[in-house]
Structure formats: C-alpha cells, structure tokens
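Once you've looked at the hints, dock chain B against the given chain A.
Residue numbers (the working numbering), protein chains in the order written: chain A, 190 to 672; chain B, 23 to 117.
The set of hints was computed from the structure by calculation and includes no laboratory data.
None of the values given here were measured: they were computed from a predicted structure.
Possibly wrong hints are sitting among the right ones.
Distance windows between CB atoms, simulated [unchecked claim]:
{"no.": "1", "chain 1": "A", "residue 1": "Gln-237", "chain 2": "B", "residue 2": "Arg-83", "range": "30 to 40 Å"}
{"no.": "2", "chain 1": "B", "residue 1": "Thr-92", "chain 2": "A", "residue 2": "Asp-428", "range": "46 to 56 Å"}
{"no.": "3", "chain 1": "A", "residue 1": "Leu-476", "chain 2": "B", "residue 2": "Glu-72", "range": "38 to 48 Å"}
{"no.": "4", "chain 1": "A", "residue 1": "Glu-221", "chain 2": "B", "residue 2": "Ala-104", "range": "30 to 40 Å"}
{"no.": "5", "chain 1": "B", "residue 1": "His-76", "chain 2": "A", "residue 2": "Pro-430", "range": "15 to 25 Å"}
{"no.": "6", "chain 1": "B", "residue 1": "Asp-87", "chain 2": "A", "residue 2": "Asn-601", "range": "29 to 39 Å"}
{"no.": "7", "chain 1": "B", "residue 1": "His-76", "chain 2": "A", "residue 2": "Val-632", "range": "33 to 43 Å"}
{"no.": "8", "chain 1": "B", "residue 1": "Ala-65", "chain 2": "A", "residue 2": "Ala-235", "range": "31 to 41 Å"}
Far from chain B, some chain A residues (derived; all Cβ distances over 12 Å) [unchecked claim]:
{"no.": "9", "residue": "Ala-203"}
{"no.": "10", "residue": "Leu-223"}
{"no.": "11", "residue": "Asn-299"}
{"no.": "12", "residue": "Lys-422"}
{"no.": "13", "residue": "Leu-435"}
{"no.": "14", "residue": "Leu-442"}
{"no.": "15", "residue": "Met-467"}
{"no.": "16", "residue": "Gly-477"}
{"no.": "17", "residue": "Thr-479"}
{"no.": "18", "residue": "Asp-527"}
{"no.": "19", "residue": "Val-541"}
{"no.": "20", "residue": "Leu-552"}
{"no.": "21", "residue": "Asn-580"}
Glycine residues also receive a C-beta, built at the ideal position from the N, C-alpha and C atoms.
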Amino acid sequence: MHQLTLAEIARALADKQFSSAELTGSLLSRIEQLDPQLNSFITVTAEQALEQAKAADARRAAGENGPLLGAPIAHKDLFCTRGVLTSCGSKILTGFKAPYDATVVEKLANAGTVSLGKLNMDEFAMGSANESSHYGPVKNPWDTSRVPGGSSGGSAAAVAARLLPAATGTDTGGSIRQPAALTNLTGIKPTYGRVSRWGMIAYASSLDQGGPLARTAEDCALLLGAMAGFDPKDSTSVDQPVGDYLAALAQPLAGLRIGLPKEYFGAGLDARIGEKVMAVVEALKKLGATVKDISLPNLQHAIPAYYVIAPAEASSNLSRFDGVRFGYRCENPKDLQDLYKRSRGEGFGEEVKRRIMVGTYALSAGYYDAYYIKAQQIRRLIKNDFVAAFNDVDVILGPTTPNLAWKLGEKNADPVSAYLEDIYTITANLAGIPGLSMPAGFVDGLPVGVQLLGNYFQEGRLLNVAHQYQQVSDWHKHAPSGF
Amino acid sequence: MALERSEVEKIAHLARLGLGDSELPQTTATLNSILGLIDNMQAVDTTGIEPLAHPLETTQRLRADTVIETNQRDAYQAIAPAVESGLYLVPKVIE
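Isolated chain A (complex conformation) (with noise of 0.2 Å):
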C-alpha cells in the first residue's frame, strides 16, 4: 500500500480495494518502524489521524467521493494546526499548541485529507539541509549518511522513504525544490500569493510560498489544486481563479518552447548533474519542444540580495517571539530586557540567530540604502531578467542544485559555503514566479533534480510538462532501498 501514489490510493478508495483506516494503520506502523533511522517527523497525531481517516470512509460511505477523501498526508512543522504542537523545528516554541489551524491545513482538511502529524525542518526554514532543526538532523533515505535537503528536509524525506505519499513544505530560497531534488521527488513552488500564508510561520515574507512535495507531478496537480486560492486572512493572496491543473496536465508538448539559461550550466555545476539535465532536454525534444539559449545575467548576484532581504525581513518577523506570549521563557528573568534577551538567546539557534544579526545590522541606520535598498533594486534585476525572457519561452529548464547530496555536517563549519548552494532556485523566490523540481535520474546512486520555472500563474505548464516527462520516463518510480 505504501508504494501507491496519490492518484493511486484515490481509486483504490474509490473502488473500495481498501479503507482510509486501514492504510493510515499501515502508515502509521510503516513510521513508527522506519522514522528512527531518518528522524522525519517532529510530532506523530496517530490518534487524529485514525479519527480522521474513519471520518473519511464515513464521508465516502454517505456518497461523497472527493480525490483527495481519505489520502494520507503530513504538514511540515511551520504550518499551524490547532492543539498539536507546532514548533517550527525551534526551542522557542517549546509547547505552542497553535490556537487556530493554517489556511492550508484547513483546506485540506476540508478536501478529507488525513494528517499523520506533523514533519521535521530547518529552524524557522532557514537552511538547506535540515540540520539546524533542535529537534535533530533528518537523514537521506538515499544515503542515510547524507542530507535530505532543507528547510522542508522532513517533507522530502517522508515521502522518498514511502512514510507518505505527499506532504506540505514552503520555499522561502527553495526550501521545496531543493530537497526534492535531492530525494527524487516532484515539487512545486507556485506563484507568490497563489497559496494562501495564512498560519504559515513567517520567515520571509516576501518570499515564502507554501506547495506540495509529491512523487509525481500528477500527485502536486491533485494536492495544489486543494491547497491554491485567494484566502482574505492573507493580505499578499492573490484573488484570481485556480487553474485546472489536473486537466493542465494531458496537454502534448507539442511547439514548447524551452529556455536553457547559460548561467545555469556554468562553473560550480557538478558536470554528471549537468548531463542528466541535459538528457531531459532531449527527451522533451522528442515529445514535440522547442529549445533556445537564453541568458539570465543577473543570476550571480541573486545571493548577496537574497541573504540581505531573507534575513531583513526575519529580523522583524522573529521579534514576536519574546518569551511573554508564548513558547520557551529562560529562568528567573531578572528584568524585562533579561527576559527578552535570554529567552532568545537560549530559544534560538545558531543560523536563526546569525540570519537576525545580519537582517538588523542591514536595516540599522546608515546601512540601509547600502544594503537593503541595494538588495532590492538588484531584485528588480532579476525581475526584469525573467520578465525579458518569457517573451521569447514558455519554461525555463535547468538544474535544481548544483552539487548532489552532501554528507551531514559537511557544511556546517561554513555558513556561506551551504547559502551557494541555492543559487539555481532563489531567483524565483526573489521575482515571485512559480518553480518545479523533478527527478532526473542518478549519479553515484544519488538522485539529480532538473528545475522547470514559468510565468507568474503558470503552474499548470510546469506541472503539464513535468507529467509529459514522466509518461516517458521512470525515474520517479525509483525507490531507496530498504524503504
């Protein structure tokens, strides 16, 4: 039963091979067996999830008979879900029982999706690799001595290792795509403002889109069509109809044009990663694409920009967390700045409190049009690169990552040696265009992502093209072994 897809496990429901109750049993002691050896979850809701599940064949029982009724699924720890801890992978959240359900977790509910718990992931989404977490790194179920990738680590590795079928995650810097990549899973970062925000931690807020981490591109179809739409809780949602993307996904490739952006396949891409991507390219020529060089100059400077607005904007958004309200408070505080600066100081980890220093000093008087007003014209750049290109291709393909699975700890020394790393997906975060992550194949038994961006709502391009590919190719159906 774990084997199944999304779409698999619908029709099975649906033709009564089996019960929602029964595969979240077997789910629940497929984690409960395998999860010591990844560390994917931070919390299990066995219970609610078993009460949900029946609620769903009880729903299916009276005649209802939605897609997702009764699927099993999992939310990365930053979206809220009322009573259950949500802790964000943070000490400073040491307890907090959102009080409300996110948007998203409710969306689904509603669609009758049965939540197992609650997933693992960088401290507040600030990571690549899912080591910064206080409740421990997960691990690759490819290599179980090598990172998932980050910050939705947990997400990525639950469903490689067939815990799940798909989970949530969000993509601040490609906290979605790049884990994908590095687990062989599908994943897509919409549009910004196309999934609603709303109980979704903050990290940065201009930048941080919540989306599906499935294994196949029909799977993040059926979960994003549930998840996507305007939510009036979310002050950036975007009030424009979600696209069909179920149906999106049968359209032949036929007269797609591609854009090869040259800085993607330049010095610091793993060459073997690069040839993988490049076969992709072939395959896509054989289903009817078109392919052109394209060039998007301002790539290189998408890092320093990013690592100035991404912490700016934590800066502020982390200042809730004050030990007053709620979550962690040290001992014996023996004034309010005591307080605030303890409860802190012990509450967050060492990223988490690098990337709020380095966000203060740049929005700090005398620094702030040198950096955060530099950042954002720089942004705008970047904006204007893709904006340029999409006159001429419909998707842009490249590598998701340029460097395959690293070993655990291999990085931590050097912060800025793991920011390098997410050269390839952050511009889509910084023009706020939709972005996907698809298997490509395996190097050394690794497995290799290829990145497909689109225009601003183009969702169900990426997800139709991602489809198209894996009608003609299994890389997908690959699983680690021993899970």
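For chain B alone, coordinates are given in the frame of chain A:
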C-alpha cells in the same frame, strides 16, 4: 568593512539576543564572512533602478471596518508561559 566585536554586541542588543562572551568571537567571524558575501552587491550598477519590495507589486487591500474576530483571550493565554487574571506576567518594569 569588517565588524568589530563591539558592533556585534550592539547588533545583538538591538535584536534582543543574549550572546555569551564565549560566543562573540565565532559570531563576529561568521557575520563578517556573510557580510563579505553580501558586499558583492556593491559591484552591481543599480543607478536609476526602482527597488522591488514585493514580487507582484500590488497595493494593500482594504476591507470594511467591521468586527470579524471574536475574543479568544483564554485560548491564546492557555499557551503563555505565565498569566494571571487575563494578564501576561513579566518581571517588574516600574519600581
């Protein structure tokens, strides 16, 4: 421009982050390495480029000025570290 230890102490104070004396040298070195990366921005000519704060460049939506939330004080205070009679407790601020 490299940060001195005293500047790092000031930034930590502005951010209300308690840093131990033993953490300061390492924090200073790491922040300087990150700022070194960020300083690459200065090589980019951005003369006349309008800063982009929001990817979709939309304006803030307005809504009717009516009550939409109900009082949830008890639910919110149930997860607070210290409360009494509906108030959040902190160390004495005014002597």
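Check each numbered hint from earlier against the structure, then list the numbers of those it violates in ascending order.
Violated hints (numbers, rising): 2, 6, 8, 12, 18, 19 and 20; every other hint is consistent with the structure.
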